[in-house]
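All chains should be built: construct the whole structure from the sequences, respecting the hints.
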Amino acid sequence: MKLRKVLALTLAAVMTMSLVACGGSTETTEAPATEEKTEAPAAEAETKEEAPAAEAEAEAPAGVPTYSQVVVGEDYTDLTAEIKWIHHKTDRAEDGTIDAMIAEFNKVYPNITVVPEAVTDYAEDSLLRLSTGDWGDIMFIPAVDKAELGNYFVALDSYENMDKEINFANQWEFGGQTYGVPYMAGAQGIVYNKAVFEAAGVTELPKTPDEFIAALQAIKDNTDAIPLYTNYAAGWTMGAWDAYIGTVSEGDNTYMNQKFAHDADPFADPGDGTGIYNLYKILYDAVANGLIEDDYTTTDWEGCKGMINRGEIGCMVLGSWAFVQMRDAGENGDDIGYMPFPMTVGGTQYVAAGGDYSFAINVNASDDNKTASMVFIKWMTEKSNWCYNEGGYTVDKDGQNPDMYSAFDGCTVLGDASAIAGEETLLNDMNAESELSFNAGGNAKVQRIVEAAATGSESFDDIMADWKAAWNDAQAYLEIEAN
Amino acid sequence: MAAMTKAPRAQKRTLGQWAKSRDGQKVFVMVAFMIVPLLLLFTFTYLPFAEMVGFSFYNMKYIGARKFVGLRNYARVFSRDDCFGALKLSLYYMGGSIVQLALSLYLATILSFKVKGGNIFKGFMFFPYLINGIAMGFMFKFFYTRGFVFDTVLQWCGFELENLPYWLKDQRINNVSLVATSVWRYFGQNMVLFIGAIMSVDSELYEAAMLDGANRFQQFKYIILPSIKTIIMLNVILSITGSLSAFEPSYVISSGANGTATYFVVMHEIAHTQQKVGLASAMAVVLLCIIFVATILQKLFFKYVFRSAEDEDFNATAKRDKKLARLAARKAGK
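Sequences listed follow chains A and B, in order. If you read the first sequence in this note's numbering, its first letter stands for residue 37, the second for the next number, and so on. If you read the second sequence in this note's numbering, its first letter stands for residue -8, the second for the next number, and so on.
In case anyone wonders, no lab produced these hints; they're calculated from the structure. Ideal Cβ positions, reconstructed from N, Cα and C, are used throughout, including at glycine. Some hints could be false.
Examples of chain A residues lying across from chain B (beta carbon under 8 Å, computed) [said to hold, decoys possible]:
hint : residue
1    : A269
2    : G271
3    : D330
4    : D331
5    : T333
6    : A468
7    : E471
8    : Q483
9    : E487
10   : T491
A few chain B residues that don't get close to chain A, going by computed Cβ distances all over 10 Å [claimed, not checked]:
hint : residue
11   : L32
12   : F112
13   : L184
14   : I228
15   : K310
Right, dumping it as structure tokens:
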């Protein structure tokens, strides 16, 4: 009897072990299934060859078409595949926008099933999933070094071809290949309430930091609105200030990716109201002069949308993507406006524009899924109108811009240029090493400016000196030539 | 292990005989029972931990190439201001945990006697522990917002808004505000643990004590406290180590800004924002060592403080026996 019990127990143990093993074996059983699938399109390709011969010939050798080869609405309409897409737009998943777009897509491509998954903590979660390799077919590229792109994602097309199709093709370009297409693009300015500015007697939009501070002061004196709402507590809203470095602050779209890392003293005051120094000085001065909310530690991101809509807030420093949310947050959507950042370099106001998160395709996906993903991405870019509806600056070269960008007339709109070949990872390395993390989640350093200005614990020059030291140490550690 | 040591000794038996024997079955049962939990423990606790210790010797990001740097990460942990500076905040949390333990012990003692509606009170006080830490963070963000819940309640009590501090903005008190939320959350749980321990005290002891004329406080001091010292010690150790690794209140309510970043929040920032995984791993290992040291120190402390009457008596008798033995020996020697 006892022996039986023992046997039963060992059996149970063996079975639990085999259960664990099962997790692995399902993958192996799946593999042949996908092979079968790939056989089917091969047959399809053959049938295609008969009809539009020239096109099919170009496609046949590669297996997966390049971005520019796909003609949306005509090619691959009979392709069958199931593709998984992980994205960060939880709000758009909830309000049904994503499902509606996929339904629209399926009208043209009925056999391509798109399974979207909205990830809440996208920036971190996606990186972890990426390292596993088995995350799906399409994702928005997280913070990856450009040199690593090829290990994780399919090259969509050569940069040359891509540049003819979309704006901001250089955003995820490495070694002459483009790996990502932004789902929308944004311009960097300031979202403001026109009615509040009018009530304060500010008739002309400020063009320099001094004019801007004067405008904020006027709002404080003449209205009940909070002149500048920092959104300090949310954190990432503070990091939004980094977006004005380079194109806006220096009037040079090569600064951010090519010169910044080599600059021995990027935080010096040039004395003419430009530069990174004066960019952050605006924030410091606004806080020091009491031109922000009373208690910045308890700001509420969701609440601020309604507040600016009702005219309780004068302006907020946020990218153009925020415009639509502010406009739709209440009944006074017409009051919301968008203006260029108040900084004039050599008589011109520059506006930085750039792609948001970019679609990219898993390099480990099957050829069929890669093709389906390519079609989906191109459809999303050209036909979905997502970018326009979000108030984005157009990604598609032939696309149309929303009206909100009217204040940008007369400004020079530039996208940041790519890094010099061989130096693609330089800025990332500098960001990580110096821990200032410009445009890479370095919220704490901007929050520090607010704290220092509010409590008087540090002068602005102290902070800039500190940043310079961190920057120079990182340059020394990484052995980067600084001048 | 057992199998290996036993097998050579019982050489006469064949393997089959051994498997049928009591010894062999013991081993089978042991292995069958242990393998699943041990496997899980190893896979999900020790393996990742060993990996992390390995990471701490590299200069690495989550993805991309790694570079071996030896102990440089550890040197950095000790040379940076923010790492050990953040540990100072743990003092706030330690202070909070003492308040929390005192409060929960007090309430547990009261509730363990017959109190009207005792179970309702227990339920209410335990409830905060069931709330998700993230939800709690959002709750308290609004709770502490200027002119919101807390200020309103205080105004009912006659405070003027102008005299009230900014609970999260004022750097002199914002950590206290955060610690208060953690006390609010965990004191109920401590209390329930204490009540459980107090219940196990033999009620005849109280009766006997009452007959001897002991009041409630004396009952607490001489009956309850010595009986539940183990659970008190456990709670203190858990609270102190917990305060060294405080994370949620600071991360969720103030996102570590405005001088509220605890060691864990700094570590999180370094690991995830700056992506210095090696450095963050080194910080984790250093924290582990600190917690080890703190736990050992507490053990020693309690050994000293809670030397119970029995132990002392036992020592005393042992000493006396030795003395008598020595005297006897001396006599015998003469």
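Evaluated hints:
Contact between A269(A) and chain B, as hinted, is supported at the beta carbon level, the nearest pair being about 7 Å apart and thus within 8 Å. Hint status for G271(A): holds, given a least beta-carbon distance of 5 Å to chain B, under 8 Å. At about 6 Å, the closest approach between the beta carbon of D330(A) and any beta carbon in chain B falls short of 8 Å, and the interface hint on this residue holds. The interface hint given for D331(A) holds, since its Cβ lies 4 Å from the closest Cβ of chain B, which is under the 8 Å cut-off.
With its C-beta approaching chain B no nearer than about 4 Å, T333(A) sits inside the 8 Å limit, and its interface hint holds. Because the smallest distance between the Cβ of A468(A) and any Cβ of chain B comes to about 5 Å, under 8 Å, the interface hint for this residue holds. Look at E471(A): its Cβ gets to within about 5 Å of chain B, closer than 8 Å, so that hint holds up. Here the hint on Q483(A) is kept, as its CB sits about 5 Å from the closest CB of chain B, short of 8 Å.
Evaluation of the E487(A) hint against chain B yields a held restraint, the C-beta minimum of about 6 Å falling below 8 Å. Annotation: T491(A) was flagged as interfacial toward chain B, and the flag holds, the nearest CB pair being 7 Å apart, inside 8 Å. Every beta carbon of chain A lies more than 10 Å from that of L32(B), the smallest distance being close to 14 Å; the non-interface claim holds. The non-interface label for F112(B) is consistent with chain A: the shortest C-beta to C-beta separation is roughly 31 Å, beyond 10 Å.
Under the 10 Å C-beta cut-off, the non-interface status given to L184(B) relative to chain A holds; the minimum distance is some 33 Å. Every C-beta of chain A lies more than 10 Å from that of I228(B), the closest at about 32 Å, which supports listing it as non-interface. Separation of K310(B) from chain A is adequate, the least Cβ-Cβ distance of about 51 Å exceeding the 10 Å criterion.
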